[in-house]
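Kindly produce the complete structure, drawing on both the sequences and the hints.
Sequence lines, in order, name chains E and Y. Okay, so the first sequence: first residue is 5 according to this note's numbering, each after it adds one. Okay, so the second sequence: first residue is 7 according to this note's numbering, each after it adds one.
Just so you know, these hints were derived from the structure itself, not from any lab. Mixed in with the good hints, there may be bad ones.
List time: in silico DSBU-like cross-link candidates among lysine-lysine, alpha-carbon distance up to 35 Å [as the list claims (entries may be wrong)]:
1) Y:316 with Y:122
2) E:127 with Y:203
3) E:105 with Y:203
4) Y:322 with E:135
5) E:150 with E:208
6) Y:122 with E:141
7) E:127 with E:105
8) Y:319 with E:127
9) E:129 with Y:122
10) E:105 with E:129
11) Y:213 with E:141
12) Y:203 with Y:122
13) Y:322 with Y:213
14) Y:213 with E:105
15) E:208 with Y:322
16) E:105 with Y:319
17) E:127 with E:31
18) Y:213 with Y:122
19) E:105 with Y:15
20) E:31 with E:135
21) Y:208 with E:71
22) E:129 with Y:15
In case you want the letters, here they are:
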Amino acid sequence: MINATTALKAESRDLNFFYSNGNQALKSVSMPLYENNITALIGPSGCGKSTFLRCFNRMHDLYPGNKYEGQIVMHPDNTNILEAGVDPIEVRMRISMVFQKPNPFPKSIFENVAYGLRVRGEKNKRTVADKVEEALKGAALWNEVKDRQQDLAFNLSGGQQQRLCIARALATDPEIMLFDEPTSALDPIATANIEELMSELKNKLTILVVTHNMQQAARVSDYTAYMYLGELMEYGDTDTIFTRPTRKETEDYITGKFG
Amino acid sequence: MTSESLKTKVAVLENLDVVRAMIRRHKRSDIIFAAVGLLALMLGLLTLLTLFLDLVMDGYPRFNLTFFSEFPSRRAANAGLLSAWVGSVLVMIVTFLTAVPMGVAAGLYLEEYAPKNWFSDLIEINVSNLAGVPSIIYGLLALGLFIYGLGLGESILTAGLTLGLLTLPVVIVSTREAIRGIPVAIREAAYAVGATKWQVVKDHVVKYSQGGILTGVIIGMSRAIGETAPIITIGALTFIAFLPPSPISEVAPFINFEWLGSGFTVLPIQMFNWLSRPDHAFATNAAATGAIIIVVTLMMNGTAIYLRYKIRKNIKW
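Below you can see the structure in the form of structure tokens.
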């Protein structure tokens, strides 16, 4: 299951995170992200997995008072993306995100995918159209929408909307893609589509996914991290975590005895 | 069947009757409340309708084109609204051009850029409060500021700015409400692809809140068009038998701003003037003007509802 290349794409080093109300949501989390692999974050609600994920694109910067300590280093350039001098917008240009509920803009299908390019100042219509097509193909949506790209995005079904959001995140050639429980609002068939898509996408980029669904983590991920109360309890390749976890807590959670 | 189970069956049936009686009783309250509600609604609507019909019937003799194309006159039958409706239109243009950009910019700033602290809370309270300040206070402010302070005179510009101030809080409040209606998920989606704050504001926030802002603007303007007190305070003339210079001229640059400095009257002032005449024939003119003001207001509010519906149709989250 593990891809041949296991170069390090990013890693968090002793990452602490504090919300503006003073709550410490992450406690010294150190974890690698391997290139062209899918890393899954599992754990009970409130364990900090979404908080951890949202550190990677500095989403917490949108709300005043949140504070990071420690580092998230991206390779090969060794940039600490949490450093004060690094613009969160630059980080978001390299690391894109797919959210829990499909959140397309109330714009056309085409404009949804094109928005990332527009933000980057791409004016050439040909380039934009090509990129949009490429992204829609990459998100396995092209065949369903190629003849109605000017339709409003909310006319699509929930599963299609989520693939549209993946296309939007894909159009700008990100190095890492973050998925925050991407299938929790979808039916089983749409979920299977998204999972299949993620497995294909990892050939192009690195994926970090938060999931509440144990089977999903087992099915799609190469590495799994179990978090609890803001701490990284256990990290390893997915097979090991699911078959021979070293910690009792991990086993209890995975087998459904807890959480 | 044993007598025991028969008894329970009877009990169940009797119980069912009790339940049905109870449901009937509850439904009666439903009907009573609906009737009271309808009555309350009708009282309000019918009062307005009666007033409107009364105005229409009183003013009926004046509903013809000459009423709109004639200047005021000493003879009631010849007196028209020309200077008043032209004045109203010009004043509204100034009001629109000042209240909308300032109100939208202020609302955007407060919602998107201003840090949230005690100071912004204070501003928030004041803005909401401003919307409720009696309009005559605005008139006094305008008299002091625009006429004595800035020397703008008893002009269309002064009136437009005064009504602009009056409309401003309504625009600010409706802008903020429209912006608050945009889900966090949509903002985060925009930021997540690398948009700057300004890109988010210009490509998303403003676009999606247009309907709400527009509604607020029109409702604010429809209030302003009927305002009388502040216009009297700043000294609007009541008998005007001339038109301000045309904003569009025949020679380059085809546009001039002389009209801004012109004396003027507006519909409610003209109506007030006619009402205060001892000659009863002028009451007909006043009634006709009143009916026209109501129709204009209704049309503006109708447009607001239509535009909101049309814009909302294309925005769902």
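Consistency of the hints with the structure:
1. Straight-line distance between C-alpha atoms of residue 316 of chain Y and residue 122 of chain Y comes to about 33 Å, which keeps the hinted pair within the 35 Å bound.
2. Distance hint between residue 127 of chain E and residue 203 of chain Y is fulfilled; the C-alpha atoms sit about 20 Å from each other, no more than 35 Å.
3. A threshold of 35 Å between alpha carbons decides the hint, and for residue 105 of chain E with residue 203 of chain Y the separation of about 22 Å falls inside it, so the pair holds.
4. For the hint linking residue 322 of chain Y to residue 135 of chain E, the alpha-carbon distance of about 26 Å falls within 35 Å, and the restraint holds.
5. Distance hint between residue 150 of chain E and residue 208 of chain E is fulfilled; the C-alpha atoms sit about 23 Å from each other, no more than 35 Å.
6. Annotation: proposed proximity of residue 122 of chain Y to residue 141 of chain E is violated, straight-line Cα distance about 43 Å (limit 35 Å).
7. For the hint pairing residue 127 of chain E with residue 105 of chain E, the CA-to-CA distance comes to about 30 Å; that is within 35 Å, so the pair holds.
8. Taken as a hint, the residue 319 of chain Y and residue 127 of chain E pair is honoured in the structure, with Cα atoms around 29 Å apart against an allowance of 35 Å.
9. With a C-alpha separation of about 40 Å, the suggested pairing of residue 129 of chain E with residue 122 of chain Y is violated against the 35 Å cut-off.
10. Among the hinted pairs, residue 105 of chain E with residue 129 of chain E is consistent with the structure: their alpha-carbon atoms are about 30 Å apart, no more than 35 Å.
11. Among the hinted pairs, residue 213 of chain Y with residue 141 of chain E is consistent with the structure: their alpha-carbon atoms are about 29 Å apart, no more than 35 Å.
12. Taken as a hint, the residue 203 of chain Y and residue 122 of chain Y pair is honoured in the structure, with Cα atoms around 16 Å apart against an allowance of 35 Å.
13. The hinted pair formed by residue 322 of chain Y and residue 213 of chain Y meets the criterion: a straight-line CA distance of about 13 Å does not exceed 35 Å.
14. In summary, the hint linking residue 213 of chain Y to residue 105 of chain E is supported, as the alpha carbons are separated by about 22 Å, within the 35 Å threshold.
15. Between residue 208 of chain E and residue 322 of chain Y the alpha-carbon distance is near 33 Å, which keeps this suggested pair within the 35 Å criterion.
16. Distance restraint check for residue 105 of chain E and residue 319 of chain Y: the Cα-Cα separation of roughly 21 Å lies within the 35 Å cut-off, and the hinted pair is therefore satisfied.
17. With a C-alpha separation of about 44 Å, the suggested pair residue 127 of chain E and residue 31 of chain E falls outside the 35 Å cut-off, and the hint is violated.
18. For the given pair, residue 213 of chain Y sits about 24 Å from residue 122 of chain Y by alpha-carbon distance, which is consistent with the 35 Å threshold.
19. Taking the CA atoms of residue 105 of chain E and residue 15 of chain Y, the gap is about 52 Å. The hint is violated against a cut of 35 Å.
20. The straight-line distance between the Cα atoms of residue 31 of chain E and residue 135 of chain E is roughly 40 Å, outside the 35 Å bound, and the hint therefore fails.
21. At roughly 28 Å between alpha-carbon atoms, residue 208 of chain Y and residue 71 of chain E fall within 35 Å of each other, so this suggested pair holds.
22. Restraint check: the Cα-Cα separation between residue 129 of chain E and residue 15 of chain Y comes to about 78 Å, which exceeds 35 Å; the hinted pair is violated.
Violation of the numbered hints given earlier is confined to hints 6, 9, 17, 19, 20 and 22; the remaining hints are satisfied by the structure.
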